[in-house]
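Undergrad: For the sequence shown, the working numbering gives the first residue as 1, with consecutive numbering after it.
Possibly wrong hints are sitting among the right ones.
[Claimed, not checked] Calculated pairs, EDC-like style, for lysine to aspartate or glutamate (alpha carbon to alpha carbon, straight line, at most 20 angstroms):
#1 Lys58 / Glu118
#2 Lys67 / Glu50
#3 Lys77 / Glu131
#4 Lys38 / Glu50
#5 Lys52 / Glu91
#6 Lys38 / Asp76
#7 Lys26 / Glu41
#8 Lys116 / Asp93
#9 Lys67 / Glu91
#10 Lys58 / Glu70
[Unchecked claim] Distance windows between CB atoms, simulated:
#11 Lys49 / Lys129: 20 to 28 angstroms
#12 Pro89 / Arg40: 18 to 26 angstroms
#13 Lys49 / Asp110: 22 to 30 angstroms
Please keep in mind that the hints were generated in silico from the structure rather than gathered at the bench.
The structure presented is a predicted model; accordingly, all values stated were derived computationally and were not measured.
Glycine included, every Cβ here is placed at the ideal spot set by N, Cα and C.
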Amino acid sequence: MTVLLEILFLINQKVNFLRNRARRCKICLQTLPIGFTKRRENSTFYSNKEQKFYWHLKLIFPQSHAKFTEQRVPDDKPLYDILKTYIDPQECDPVKQQRLKIYTISPQSDIQILMKLENRPHNSIRLHKVEDWHLEYQKLNASNR
Numbered sequence: 001m002t003v004l005l006e007i008l009f010l011i012n013q014k015v016n017f018l019r020n021r022a023r024r025c026k027i028c029l030q031t032l033p034i035g036f037t038k039r040r041e042n043s044t045f046y047s048n049k050e051q052k053f054y055w056h057l058k059l060i061f062p063q064s065h066a067k068f069t070e071q072r073v074p075d076d077k078p079l080y081d082i083l084k085t086y087i088d089p090q091e092c093d094p095v096k097q098q099r100l101k102i103y104t105i106s107p108q109s110d111i112q113i114l115m116k117l118e119n120r121p122h123n124s125i126r127l128h129k130v131e132d133w134h135l136e137y138q139k140l141n142a143s144n145r
């Protein structure tokens, strides 16, 4: 019984530390209750040494029926850097490229990035469109030519 209480105390201590750091960085961090699968799978953490979060991301590509997870993604990494390993024909590995073919052959201006809004009723899914994510990528490609 005491071992279980000590484990729960350590888990709560880590979660509280993460919440406090998020609050200092003006991030609204919400956690799921103990025992939920998504909470166990989540590997998000805060590095004191580097003073930044490392996120656990789930990337869903609906037209290809593909799901990928990225672990330890630093909070200062741009979205286009994360996605170019999946949808850029030069950067993508052949297996991912074949699976995500519809995304790799499409112009990047046609690809939309949507983020699910949380704290909504179950029957009311809302998505937020990330605007102009590809413009930084286009600027980079133009400067490399």
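Undergrad: Decide, hint by hint, whether the structure agrees.
TA: Hints, one by one, checked against the model:
no.	hint	verdict
1	Lys58 / Glu118	holds, 14 angstroms
2	Lys67 / Glu50	violated, 29 angstroms
3	Lys77 / Glu131	holds, 17 angstroms
4	Lys38 / Glu50	violated, 26 angstroms
5	Lys52 / Glu91	violated, 26 angstroms
6	Lys38 / Asp76	violated, 24 angstroms
7	Lys26 / Glu41	violated, 24 angstroms
8	Lys116 / Asp93	violated, 27 angstroms
9	Lys67 / Glu91	holds, 18 angstroms
10	Lys58 / Glu70	holds, 6 angstroms
11	Lys49 / Lys129: 20 to 28 angstroms	violated, 35 angstroms
12	Pro89 / Arg40: 18 to 26 angstroms	violated, 35 angstroms
13	Lys49 / Asp110: 22 to 30 angstroms	violated, 40 angstroms
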